[in-house]
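Starting from the given sequences, assemble the full structure and let the hints guide the process.
Protein chains in written order, with the numbering used here: chain A, 1 to 351; chain B, 352 to 702; chain C, 703 to 965; chain D, 966 to 1228.
Incorrect hints may appear among the rest.
Taking lysine-lysine pairs in the DSS-like style, the calculated list, with each CA pair at most 25 Å apart, reads [said to hold, decoys possible]:
| hint | chain 1 | residue 1 | chain 2 | residue 2 |
| --- | --- | --- | --- | --- |
| 1 | B | Lys551 | C | Lys846 |
| 2 | B | Lys488 | D | Lys1085 |
| 3 | C | Lys857 | A | Lys137 |
By construction, these hints were calculated from the structure, which means they are not laboratory data.
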Amino acid sequence: MKNCRPSKVMTAHEAVSRYVHDGDSVITGNYTEGLPFSLLFEIIRQRKKGLTYYSQSGSADVEFMVAGDCVDKLCTAFLHKWGGRAAGGMVERYQRAGKLQVEDYSNFTYNARLAAGANGYSFMPVLPSIMDSDVFKIRDYMGENKFGVVRCPFTGREIPVVPAANPDVCLLHVQRADKHGNAQHWGGLGSTVHACLASKTIIVSCEELVDFDVIKSSPHHTIVPGFRVSAVIEEPYGCHPSELPGYRNPDMTMLRFIDNSFSSDEGLRSMFDEWVYGLPDRASYIKHYIDVFGVESLNRYRARSYYSAPADYGVAFESGWDTYGQALLLGVDIAGLEQLIAEKGDLVDVD
Amino acid sequence: MKNCRPSKVMTAHEAVSRYVHDGDSVITGNYTEGLPFSLLFEIIRQRKKGLTYYSQSGSADVEFMVAGDCVDKLCTAFLHKWGGRAAGGMVERYQRAGKLQVEDYSNFTYNARLAAGANGYSFMPVLPSIMDSDVFKIRDYMGENKFGVVRCPFTGREIPVVPAANPDVCLLHVQRADKHGNAQHWGGLGSTVHACLASKTIIVSCEELVDFDVIKSSPHHTIVPGFRVSAVIEEPYGCHPSELPGYRNPDMTMLRFIDNSFSSDEGLRSMFDEWVYGLPDRASYIKHYIDVFGVESLNRYRARSYYSAPADYGVAFESGWDTYGQALLLGVDIAGLEQLIAEKGDLVDVD
Amino acid sequence: MRDLNAPANPLETLAYIIAQQIEDHSVVYIGTGIPMVAGILAKKTHAPNITLVYESGGQDPIEGDMPWSVGCPMTWRKSPTIMEMSYSFAQCYNGYVDIGFLGFAQVDMYGNVNTHMIGKDYHQPKVRLTGSGGNNDLSSLTEKMVLVGLQTPDKFPEKVDFITSVGWLEGGDSRKEAGLIGNGPAAVISPWGVYDFHPASKRMRVKSLTPGVTFEIAQQLTGFELLRPEGEIPDTKLITPECLKIIRAQVDPRGVFTTMPAA
Amino acid sequence: MRDLNAPANPLETLAYIIAQQIEDHSVVYIGTGIPMVAGILAKKTHAPNITLVYESGGQDPIEGDMPWSVGCPMTWRKSPTIMEMSYSFAQCYNGYVDIGFLGFAQVDMYGNVNTHMIGKDYHQPKVRLTGSGGNNDLSSLTEKMVLVGLQTPDKFPEKVDFITSVGWLEGGDSRKEAGLIGNGPAAVISPWGVYDFHPASKRMRVKSLTPGVTFEIAQQLTGFELLRPEGEIPDTKLITPECLKIIRAQVDPRGVFTTMPAA
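Given below as structure tokens:
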């Protein structure tokens, strides 16, 4: 994947303009934590249309994308109830009005579609419990391709399968990333890794853009390698009002404000005018939050630090080959190495 | 999985006596680092018979298990060449003598068998490149069940699949674990996670038995949850002479000594008499190493520390519910919570 | 702090009844709400060695941190591991989870569960509910599946509006004939009663009732004909004063899940 | 320290030729041995923005740390990520890897690769080799697949003893007809020549030869009939003095992979 741009570091505006197109399929990579609201707001602000939107555990992200008239088709496993029981949220209203198609999977089958996509498979087996449920039988825009059935050649049993999902764009908010796009995320992951690796283009926003040194000392926290990422946005509070381990808890002040907006017939329209269309970017969103609710409210949800015990990645020799004396990785000298190569008999270990 | 033993912490002798039985299938969970040599030596010492042995990137582990007459069937993707090109290693000698059946997979197809097992599937799709190779066509003890073919219901294409592998026992050596069995491992993982989760019984040896506090502060390094683990052995140098990030590099002194043992007709017999059968446990193995090669040799391969940057797992409130004032996780008071529950209308969120 | 001496309310009773289903040393898949109270209560009382598994991937977070939902950080806060979700579910599928609790908006006479929608037309829902989440995924996996929810005739209909998770399907051998593995639902627990399923017909049957609730009252709260067990119907064992104090003082001191909603 | 001014040996030339196949900004799947030298050389010279991917799951370890094999800690030492192996391979399968180098013990006239065994009977191997490792897995995945190894008539037989990785199968359209995706092998590189495959017959064809090696010499080193390209056979571009110095001073200062073995 050749990627010759001078830099991947850009603004949310630039990333969404460049990489999200009308008609695309777009997935929120985050599970329930760190939802990428800055990127979602930007998509709504740029009035993208006709998207197929994937959200595993849909919450305000789904409501916003639907209310922003961005989404024609929704693929999900769970929808948090917004707007109270009577009125219902935007998904319900749009679905009843025939303006939104919804394809329901379960958590595991939703994940399996992404796992297939991440592996490059066209399908993936799923758990048999799905076959006799209405999740299997009732189909919306996926039609015949929502589920299929194959016969296991080893057991002879019929096994339900799901088709791969390879969304055009994955939106991901993480704790830290570097300028190459290496993105580190910890906490509850759900299907996040599969969502990233299955997607064709990945946009990462992060609380902090950090030195490569930080990333390379903690490689197991990197959930998506830099070369797969097209854009990196340093965006403090990029997931507000949702929570992020190490940074903050859910901002209930804002969430209750949002919940209350559903009660008007207009739904989220006036909230959008004030908070989405009315503000150019995330920095002004946070500034507006402070103007409206006060900085104390913002700080109230700030996390108290709880740091991981370090993992020691040390090896005996800083380099395998260019240190002094006989302290090579292999502990042998040149003669010994020549002998090893002669014994191996091949230039290339047939790996 | 009810597990009512008073403690999982035991010796390698006790763990192997209790959990490895003649005829079992046994897998080495580690990829190329941290091979569980203490546990493997114990299996050889206890003269277990008729095992089916899985090793993805087989090295001295395979040679030893075969030379110990423990293994009838070998499942592998790669075999490091021991014993020089002419004589060949034990696998070659046993295979030619008709005493060992070898089933060859590729790295990906070997992994896919474990991934299927870890997921509870009976089969898993694999990459199409396998179908026209002799890896697919030439079959040993797996016979018809080595590979199968299904037709993808979405694309109509024929896709090769592998059967699940669920080994009876997984042997795993890690950097640290707690007494509950929570095992933390970092470095090159290969198929380690799948190998553990696919196996029915897991035996963990670790360099250090650590406090639960260390484990719970770094949950993403835990590759197998405690409740899946049957035995935990605190076994410093449990993987010697193979390397382990944070502890040591490969001990080339020992590895070359081992390699030289292949040159005799007896193969590894005299090496075994001295180092395996002749020593009761790992502590005496290390003591013997020091007697033979000197403590300087042991220390030469010791790692210099290189610690990970911490991840901050902090949240705003130490507990969601029992802190003072209104600083609850949700930032609402009792009245607000009652209202939320009333709005939800269910006792149980339909998750 | 809550009044530790007030009589138990139905939610506290429910949490206790659920907790009694949990054996020590078992692995428990926990859903949001009352099952969380029950799981923590069990761990603090008769079952200190259980492992609580959440679909977020967290397992066994520190005691006393009641999560708000199965997706919240409290499900992995100071947990010894956080797995990817697929591995978390796979543990059930491989038979390593002993008991799981599923919530429902509706449950029918054969233990089929609906958490998707109320109404006759999926595309024109009267009420759109949350959807499956992990509900379906757990339903044929866990060794012992327990359904938990409120009981009204609407919530206990003859046939659910949407089968999110398959229970005994159409009763009799229909579940087995459909090729489903797993043991099927073992019990339904509401504040008013504990129900099991008739071994042959797989129809819902009274097992025990909350003291003060008669068979007739239970029937009136049910949208289909309940089966009556042989002999006398036992009272459900009520929460002990000790457990009540533990719920109020330690497990749910703010009464988030165990305070009765205002009418 | 090695003599920086001595003439290039064939291994150094080979590393240089391989490095020339690597374009800047590409993603490169690296096998053990000379490809590691080539990848690091490319990164230090004309292609500083490449990503080196190892099957161990490591990517882009710090420059200059030459791994001993694709499974050694140097493949992830100070690497920004360590993936599980299945994800590492999946990147190829999804088309994100631009070029990969496969080693061989034997390669035949259609680019089929053997790394399993020498002999006619799998169960009675004359020599048992390492097996596939990731060789087969990469063979139909990478956009551009380059085969690298030594050249003798035994190592370039008409038909390999065991097909570890499928190249052009039996030539012509046979690969396509077998349903394989991927572009098939693009080139074979030995110390003596660079070879490609005839567009129609898919038979191995000389592309360029190391200066001093004639077509006849190359043919003598090959166990099947090599195709001759139209017109004059170009010389393979030789390693520049700058690159030679970089290999000897920085990439492989101890000559582990680029010192000629004693005869």
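Taking the hints in turn, this is what the structure says about them:
| no. | hint | result |
| --- | --- | --- |
| 1 | Lys551/B / Lys846/C | holds (20 Å) |
| 2 | Lys488/B / Lys1085/D | holds (14 Å) |
| 3 | Lys857/C / Lys137/A | holds (22 Å) |
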